[in-house]
Amino acid sequence: MVLSGDHPAYKALVDRYQYFVFTLAYRLTNSREDAEEIAQDVFVKAFRSLADFRYGAKFSTWLFTIAQNTGITHLRKKKLPVSSLDQEGTFIQVENHESDFKANQIEDKNRKQMVNQAIAMLSADDAQVITLFYKGEQTLDEIGQILGLEPNAVKVRLFRARQRLKEKMEKYFAEEVRTLTVQ
Amino acid sequence: MEPDKNRTSLLWDYLDGNLSEKERLAVETLLRTDSSAQKEFDAILDMNVWLKETELEQPSMRFSKNVMEEVAKYSIAPTTKSYVNKKIIFSIAAFFILIISGTLIYMFTQIDYSAAPSGALSVELPKIEIDWKKWINSTYVQVFLMADIVFGLMLLDRYLSKKKKAGLQ
Numbered sequence: 122m123v124l125s126g127d128h129p130a131y132k133a134l135v136d137r138y139q140y141f142v143f144t145l146a147y148r149l150t151n152s153r154e155d156a157e158e159i160a161q162d163v164f165v166k167a168f169r170s171l172a173d174f175r176y177g178a179k180f181s182t183w184l185f186t187i188a189q190n191t192g193i194t195h196l197r198k199k200k201l202p203v204s205s206l207d208q209e210g211t212f213i214q215v216e217n218h219e220s221d222f223k224a225n226q227i228e229d230k231n232r233k234q235m236v237n238q239a240i241a242m243l244s245a246d247d248a249q250v251i252t253l254f255y256k257g258e259q260t261l262d263e264i265g266q267i268l269g270l271e272p273n274a275v276k277v278r279l280f281r282a283r284q285r286l287k288e289k290m291e292k293y294f295a296e297e298v299r300t301l302t303v304q
Numbered sequence: 074m075e076p077d078k079n080r081t082s083l084l085w086d087y088l089d090g091n092l093s094e095k096e097r098l099a100v101e102t103l104l105r106t107d108s109s110a111q112k113e114f115d116a117i118l119d120m121n122v123w124l125k126e127t128e129l130e131q132p133s134m135r136f137s138k139n140v141m142e143e144v145a146k147y148s149i150a151p152t153t154k155s156y157v158n159k160k161i162i163f164s165i166a167a168f169f170i171l172i173i174s175g176t177l178i179y180m181f182t183q184i185d186y187s188a189a190p191s192g193a194l195s196v197e198l199p200k201i202e203i204d205w206k207k208w209i210n211s212t213y214v215q216v217f218l219m220a221d222i223v224f225g226l227m228l229l230d231r232y233l234s235k236k237k238k239a240g241l242q
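As you go down the protein sequences, you meet chains F and H in turn.
When we follow my numbering, the leftmost residue of the first sequence carries the number 122, and every step to the right adds one.
When we follow my numbering, the leftmost residue of the second sequence carries the number 74, and every step to the right adds one.
Just so you know, the hints here were simulated from the structure itself, not pulled from any lab data.
Quantities reported herein were computed from a predicted structural model and do not represent experimental measurements.
Wrong hints could be hidden among the right ones.
Stated by the list, open to error - Straight-line Cα separation of at most 20 Å, SDA-like style, residue types lysine to any residue; simulated pairs: (1) F/Lys276 x H/Trp85; (2) F/Lys132 x H/Glu142; (3) F/Lys233 x H/Ile117; (4) F/Lys256 x H/Phe169; (5) F/Lys179 x F/Thr260; (6) H/Lys112 x F/Glu288; (7) F/Lys276 x H/Lys160; (8) H/Lys112 x F/Ser181; (9) F/Lys276 x H/Ser82; (10) F/Lys256 x F/Phe280; (11) F/Lys179 x F/Lys233; (12) F/Lys166 x H/Lys138; (13) H/Lys160 x H/Ile172; (14) H/Lys112 x H/Asp77; (15) H/Lys138 x F/Asp136; (16) F/Lys132 x F/Ser152; (17) H/Lys125 x F/Ala133; (18) F/Lys276 x H/Gly90; (19) H/Lys206 x H/Phe217; (20) H/Lys146 x F/Ala133; (21) F/Lys292 x H/Ala116; (22) H/Lys138 x F/Arg137; (23) F/Lys256 x F/Asp136; (24) H/Lys146 x F/Pro129; (25) F/Lys166 x H/Phe136; (26) F/Lys287 x H/Glu142; (27) F/Lys276 x H/Asp77; (28) F/Lys287 x H/Ser109; (29) H/Lys125 x F/Lys166; (30) F/Lys276 x H/Thr81.
If we strip away everything but chain H, and leave its shape as in the complex, we get (with noise of 0.2 Å):
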């Protein structure tokens, strides 16, 4: 007869130990009352340790003395932490803090206070006006895309030569 899987899993928890002290107690009464259960678990017993006699597989006899061969050519690389510039983090940070703060900064602007129901406001709120359109035009538009190109190129003209360099070491 097939055994009863919960059971078997049951007794490899008991024996693994990963049992409540309430679940080993019952599991502790099952084999003293079921000679089956007792039965089923003396071949667990003896499976547990026969696998606990397995051998390990053997590598070849110069296997340690090629792995040392193979090591001497190498040093400690630096540490995975050392590789992440702080710098990059936090310009990336800046880089989103001002496109958020930009963005509020240019809805709150564009919010009409006195569009609100009468009674449901009695503070009078201060009136933020920017002339938008004196600062967002062609002329300072194309001067912003001309910055970020020369920007750009800089940047491809660092990796380029630093990329060439790597290539000539």
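Chain F on its own, in the form it takes in the complex (with noise of 0.2 Å):
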């Protein structure tokens, strides 16, 4: 029905999936505007381009590779810079990212909001395999598809994306760390 261009039917897609395109979109350009701009380009497109979509293929892993391929057109086009721990320029930026927790500091210590904090802490990279791997239920063999990586490159990069990331939990959630691992 969604394939035949049924729009009720792809609107049951676009609920469904819209969470996670918006969190995708969000973890490359730290902008809730450019997010949203990006995610909803990422649905016209699917839906103009439903007729290339392959019968048995997994649905979520075509959309999101959509999904990475508007978000990198998108920073392109607005010449912002891709984030990523591999450039030297990041290192500011990131380090700028956790001055701005630190003078804050964490007023709800929940624990879902304190890994998500520490996530949004990450490099656009590393956050984004995270995000693919834990919440858009992808294999690494996918995950390979969409960022157009070998499985055996993602599996690095998830490694070391969670090396990070429990490094900015040990630094910035040290106490909340603590505590939860207590309990």
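Take each chain as given, in its own frame, and dock them per the hints.
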């Protein structure tokens, strides 16, 4: 039904995947406004390209690939840097982000929020791979398809992202982590 | 003390189910015998649970409505495959085959078989003799170039009229 262009059926897909696509875009841009623009663009592009979707393929992987490409294109158009820890400049960006958090102090010590805040401190590459793996229910192969990487490279990136996340949590949420671990 | 990176990586792989049977058993033995490894694995387990429990960001309330309003303006585009005209592919292939065949024919007719060392080739090969001067002369070249220019102008005209039509629509 969806593939034949049925709008109500497509709306059901939008409802189902909107949070994830928005989160992916948000992890890439760190701006709700840009993320919403990208996410909307993703769903329009996906609708227009439904004829290219292969039967039997995983819809989420196909959709997230569109999301990834649209996000990167959006950043290039806006000439925003794709934050990556492999790039020298990003260290400064991340450090600034961290100092903001330090200054503001985290009021809500909720565990989910704490982890989300720690993820927000990561580079876009790290945050994306973690989001795809844990929330997108994608395998390493599928993440490889989305990001245009070999599964082994995804595995390495995921490992490094988890390590960096752990470091952030230990550095900025040490007390919360201790409390949660004791529980 | 900084935990061993290889061990950490191995523990994550164990948790993700990326290890072979042999490696899996080795990790299980390590966890039973090494308390520091067990402690590190517990921390990894905690983090894994926390990561699974994270919540997704929420777009604005009107998001899906905005999307559907935008989607309503479009229809599904034809498949990418249909954009590719098979005639163009065949024409390109024919062009290259023609060029390659022409080059080979020209090459073979230029070989002087009598120059081969005696006894090396006992079979008498048929002599291909083409008088290229008859075919490649200024008249034929000029005709060929003129035909190319006319063909090019026809294509340009077709392209421009198509563009004009698209602009008017």
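Against the structure, the hints:
1. F/Lys276 x H/Trp85: Holds, at about 10 Å.
2. F/Lys132 x H/Glu142: At roughly 10 Å apart (the allowed maximum being 20 Å), H/Glu142 and F/Lys132 satisfy the hint.
3. F/Lys233 x H/Ile117: holds, 16 Å
4. F/Lys256 x H/Phe169: violated, 50 Å
5. F/Lys179 x F/Thr260: OK: F/Lys179 and F/Thr260 at ~11 Å, within 20 Å.
6. H/Lys112 x F/Glu288: holds, 17 Å
7. F/Lys276 x H/Lys160: violated, 44 Å
8. H/Lys112 x F/Ser181: violated, 36 Å
9. F/Lys276 x H/Ser82: holds, 10 Å
10. F/Lys256 x F/Phe280: Answer holds: F/Lys256 to F/Phe280 is near 16 Å, not above 20 Å.
11. F/Lys179 x F/Lys233: violated, 28 Å
12. F/Lys166 x H/Lys138: Answer holds: F/Lys166 to H/Lys138 is near 16 Å, not above 20 Å.
13. H/Lys160 x H/Ile172: Status holds; Cα separation ~18 Å.
14. H/Lys112 x H/Asp77: holds, 13 Å
15. H/Lys138 x F/Asp136: holds, 10 Å
16. F/Lys132 x F/Ser152: Judged against 20 Å, a Cα distance of about 25 Å means the pair is violated.
17. H/Lys125 x F/Ala133: Violated: H/Lys125 and F/Ala133 sit about 24 Å apart, past 20 Å.
18. F/Lys276 x H/Gly90: holds, 12 Å
19. H/Lys206 x H/Phe217: With a Cα-Cα distance of about 15 Å, the restraint between H/Lys206 and H/Phe217 holds, given a limit of 20 Å.
20. H/Lys146 x F/Ala133: holds, 18 Å
21. F/Lys292 x H/Ala116: holds, 15 Å
22. H/Lys138 x F/Arg137: holds, 13 Å
23. F/Lys256 x F/Asp136: Since the Cα atoms of F/Lys256 and F/Asp136 sit roughly 16 Å apart, the hinted pair holds (cutoff 20 Å).
24. H/Lys146 x F/Pro129: holds, 14 Å
25. F/Lys166 x H/Phe136: Cα-Cα ~15 Å, so holds.
26. F/Lys287 x H/Glu142: violated, 42 Å
27. F/Lys276 x H/Asp77: holds, 18 Å
28. F/Lys287 x H/Ser109: holds, 17 Å
29. H/Lys125 x F/Lys166: violated, 29 Å
30. F/Lys276 x H/Thr81: Holds, because 13 Å separates the two Cα atoms, which is no more than 20 Å.
The structure does not agree with the numbered hints 4, 7, 8, 11, 16, 17, 26, 29 stated previously, though it agrees with the rest.
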